[in-house]
Each structure stands twice: as C-alpha cells, then as structure tokens.
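Just need the whole structure built from these sequences, with the hints factored in.
Residues 73 to 170 (the working numbering) make up the sequence shown, in order.
Don't read these hints as lab results, they were simulated from the structure. Some hints could be false.
Unchecked claim - With a cut-off of at most 16 Å between alpha-carbon atoms, the simulated EDC-like pairs for lysine to aspartate or glutamate come out as follows:
id, residue 1, residue 2
1, Lys106, Glu135
2, Lys106, Asp141
3, Lys106, Asp125
4, Lys145, Glu159
5, Lys145, Glu113
6, Lys106, Glu159
To be verified - Derived CB-CB ranges, DEER-like:
id, residue 1, residue 2, range
7, Pro96, Gly151, 40 to 46 Å
8, Leu164, Asn115, 23 to 29 Å
9, Ser110, Val168, 41 to 47 Å
10, Thr94, Ser165, 21 to 27 Å
11, Asp127, Glu152, 42 to 48 Å
Every residue gets a Cβ at the ideal spot worked out from N, C-alpha and C, and that includes glycine.
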Amino acid sequence: LLTRKIESSTVEVCLVRRTFDTRPWSVDVCAQFKLVGSSEEWNRESEIRETFDNDHSRWGIAEFIQWSDLLDKEQGFLGECGMITVEARFILSNIVGI
73 LLTRKIESST VEVCLVRRTF DTRPWSVDVC AQFKLVGSSE EWNRESEIRE TFDNDHSRWG
133 IAEFIQWSDL LDKEQGFLGE CGMITVEARF ILSNIVGI
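Set out below in structure tokens:
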C-alpha cells in the first residue's frame, strides 16, 4: 500500500493485518517494494523483514520517497499518463495460527 502522509509530505509503505481474533498467531514476512522508474538506474527499492503477530500487526517503511520527488517528472517515476508503477513481493514463512 502507498499512502501520502500530509504532515511530512512523504510516501510510506505499510502492511496492516486487522483482526479481532484473540487466538495467538504469527507469520514471518519478507516484503520487497520497488518503485519502477523510466530506466533501471531510477528504480527505488526497499526490503523489510518482520514478524507479524497479535502484538505487532502493523509495520512498514515510514519514508519510502518524498512526495514531491515521486511527482517530479525529472525523477523518472511518473509515466506518460500520470501513472506510477510499484512492484511488491511478499514471502511468508513460519505461519502459525492463521
């Protein structure tokens, strides 16, 4: 997910699992995010590894990219039709209780 944080003008990437289930659960996650630029040299990538569980069900990258950089055509992320391409890959392991 990409969201705009108005107060800091950055784009953040977050994973959130909302649940009202009180049974114990956990899952190890490797999340890879790639903001695809107009050429390979412009790509922006980030990877996070974390364990989701009952107590930790939200985490992410607080400042993935400045909002102004994302919309700046010279940065190479904004496509012809105003489209932005983001690739996301999730690897789940050690799944318990889900």
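* Which hint numbers does the structure go against, in order from smallest to largest? -> 3 and 4
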